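Engineer: For this one, chain A is given, so just place chain B on it according to the hints.
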Amino acid sequence: MNPGEFSRRRFLIGSLSTLGGAWLAARWPMIAATQEHIHGAFESGQAPAFQFFSPEQAVEIEAMAAQIIPADDAPGAREARVIYSIDRALTTFEHDKQPLYRQGLTQLQGKTRGLFSGRDKFSELTSEQQVQLLTAIEKSEFFELVRLHTIVGFLSNPEYGGNHDRIGWKVIGFEDAGAYEPPFGYYDREINKDDGR
Amino acid sequence: MKHFTTGTQVDFVVVGAGAAGGVVAKELSTAGFQVVVLEQGPYLRESDFRHDELRFRDIYDKPYLGQEILTNNHELQPNTFRRTDMDIARPLPVVGYGRCVGGGTVHFTANYWRFHEIDFIERSRWGPIEDTGFADWPITYADLEPYYTKAEWDLGVSGLASASPFDPPRSKPYPLPPLPVKSSGVLFERAARKLGWHAYPAALAILSQPYQGRSACMHCGFCEWFGCEFAAKSSTLASVIPVAEKTGRCEIRPNSYVRRISTDKHGRADGVIYFDGERREQFQKAKAVVVCANGAETPRLLLISKSNLFPQGLANSSGLVGKYLMFEATAGALGTFEHPLNEYKSVQVTRVIHDFYDSDPQRGFYGGGGLDARFDYYPIGYALYAMPPDAPRWGADFKRALKENFNRTLNVFAHTTALALESNSISLDPDLKDAWGLPAMRVTYKSHPDDLQNMAFFRDRALELLEAAGAIKKWGFPVEDATASVHLMGTCRMGNDPKSSVVDQYHRAHDVPNLFIVDGSSFVTSGRNQPTCTIQALAYRASDHIARMARSGGIRSSL
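Top to bottom, those sequences are chains A and B. Here the first sequence is numbered in our numbering, starting from 11 and rising by one per residue. Here the second sequence is numbered in our numbering, starting from 60 and rising by one per residue.
Quick caveat, the hints were computed from the structure, so don't treat them as lab data. Honestly, I wouldn't trust all of these hints.
[To be verified] List time: in silico DSS-like cross-link candidates among lysine-lysine, alpha-carbon distance up to 30 Å:
#1 LYS180(A) with LYS532(B)
#2 LYS462(B) with LYS180(A)
#3 LYS492(B) with LYS107(A)
#4 LYS149(A) with LYS533(B)
#5 LYS61(B) with LYS253(B)
#6 LYS324(B) with LYS344(B)
#7 LYS231(B) with LYS305(B)
#8 LYS203(A) with LYS253(B)
#9 LYS533(B) with LYS203(A)
#10 LYS305(B) with LYS149(A)
Because the structure is a prediction, the values reported are computed rather than measured.
For reference, chain A alone in the conformation it holds in the complex (with noise of 0.2 Å):
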C-alpha cells in the first residue's frame, strides 16, 4: 500500500465511516468488565487502584495526557480521569501494548535525562520543558499510542474510565441527550422556530 492509500483509508475511517475493527470483537467481554469495574468503584466513592501502572508510572504517563489534552479555561485530560481509562485498557482490551508502554515508560525517563540533566521525572520537568521534550518524541509509537488513548479516555462513554463528568464531551460542546428538538444550531434556528419542521 503507498502512502497515498494510508492517507485516503485514514480519511475514511472519519468520513466515510466505513471502517471499524473485528479487533473488538475478542475484546468486548474485556471492555464490558471495565465498564463494570470503573463504574463500581467510583459508585463507591474512590477512585479505582491501578491495574498495570504503579504510582509512579502512573504520574508520568498522566503528565503526558495533560500535555497532550491540558487544562486551560476549560478542564484537560487530567481532570476527565484520562489514566484510568488507559491503565484499565492496558489491563484489558489494549492488553497487548503494555509493552510499548513499559518501553516507553523507560525511553521517557531516557529522555528526561538526556535533555535535562540531573531531572529524572517527566512529571516534575516545568510545563515548557515537558513540551520540548514531547516536540522531540511526537513521531515515536509510543507518543502516538498515549496520544490515541489520551483522545480516547477525554471523548469516550465515562463508563470507560475517562471523560470524568463528561468533562471531555462538554469542552467540545457535545452532550448525548438521547432526544432533541430543533432548532439544533445557530443557522437553523430562524426556520425552525416556528414548527419545527
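Structural biologist: Here is chain B on its own, set in the frame of chain A:
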C-alpha cells in the same frame, strides 16, 4: 415466530436477512409461502443498541473495516486484496457489510435515493466506453417505479416529492414529510441558491412522524453506524421482518452461516448447507433458494458451491459470477463556520443536490453523482481524523481547535458513479481460509480513470459549495483509487443474454430455474452510489414475480 425443522422442505430458503432478504421474506410469507431466512449474524433488538462510539465504531487503527457488532468481522472472515490480477493479493480488510438481522439497513445513514430514468439506459444515451462492461439494464425506470413506491410506503420513508427538479416521475408522494432541516442543510441550500443549483429535502428511510406503530425520530444523532433504539430508522429489522414473522410462515434463523447451495442431480437447488451457531453443519431443505447475501458474499457463495454439474461455480456458465464489481465511489470536502451548527444532533443528512446527476460530455469524462450536506463524525473519530489539516495534533492549540471546530464543521459528501470493469471482481482466495475453513474472499479492484476524474470534479463542486456557504476554512478529501467499500454491486449482473449476465430480469439465475439472486449483485450500473433504495425496490419486484411463478407452478422444484 414459526420454527421449521431442517428436514421440512419449505417453499423458500432465503440467504441473508438484510435490505433485500428482509423484503423478500415479508413478501413471500405474506403471499402464503413458507420461508426460512438464514442470517449469518446475530438477531439483535433495539434494546441491544447503544450510544457508545468506542464499542460500536472501532476507531483504532487496525483492522480498518467493519465493526464487529453490526457488521462483518475481518478476523473471522478475512479477505485479500489486489489492484489487478498481476499483483499478489494480500490480507487487507476492504469489504464491509451489515452482519445481523436487518443487515446494512440497521446501521446505514438511510439516504434513500431512487435511481433516475437515465441510470437504466445510460449506455444507450452515452455510447460505449472502451474496455468496460458499461451496459443498459434489461429493465427501465418505469418497470421499477411501482416498486420504488411500494418500498417507500411499506418501509416508511420521509421526503418531499418533486422538491428536486431532477426527480424522476413518481406515482405517489412520500408517505411522510421530510425531517426538519439542520444548520448544514440551511447553509447548503443557501449556497446552492447562490450558485443556481437546487438543494432539496433529503429522502430518508427514517420516520419523521409515527408510522405503522413505530416511533418518530427523536433526533438523537446516532444514525450512521448505529442501530436505532427507537425503531425510527426503517431497517428491515424494524419494519418488514416483524410482519414476516407474524404470518406464522416465516422463520428468521440467526447465526446461520451458509456454506453451500445444494443442487440435485438435475441441477436444481434443493436446499442449503449451513453452519449453525455451534458450527455444526445443517441442511435446510427447500423448493427454491433466494440468495440475498450482498454483492460480495453472494458471488463468493456461488463460487464455493461448485460441483460436477457446475464446475465453474453455481449459476456461472457465463463466467461472470463475481465480475463487474462496483465499489462505493465518493468525494467531498469539509468546512468550518463561524457559528455553532451542532451537527451531532438529529439525522446525518437533510439536504441533497442532484444538479450534476447526469453525465455531461462537456466535462470530458463519463460520470455523475449527487451531493449531500452532513456531519458523520462522532467525538473520537472527529478528534482523530477530521480536524482542519492545519490544526496541531496535540497540546493547547490542538485542544482549542477541537473545542472551536467540533460543532462548527460540516461535510459536503458526493456519491458518484463507478464503472463496471470485468477485471474488478470477487473471487476465491487460493490459500486463505475463514474461521470456518471456507475459502476467503479475494477482492481485485482498480477504479476506472473516469471514476477518478469524476471524483475530482465532485470534490471541486463540494469546495465551491462550501465557499458559497461562507465557510471560514475548507479542505477537500484526497481523490484516490477506491480501497474499501460498503456498497457492493454488480457481481451477478442482470441481463437478457445468459452469456453476458448471471440472472434474468426477474432475478432468476439463467442456469438454475429455482435459484434467485436479489441484492446489489444484480446491478448493471452503480447508479449514483446510493444503492439501498434500488436494492429494496428490486427485492419487491423480484418477490412479486417469484410468488407469481411459484403459484403457477413455474418454479420446478427438485421433487
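Engineer: When the structure is checked against the list of hints, which entries are broken? Sort them ascending.
Structural biologist: 5 and 10
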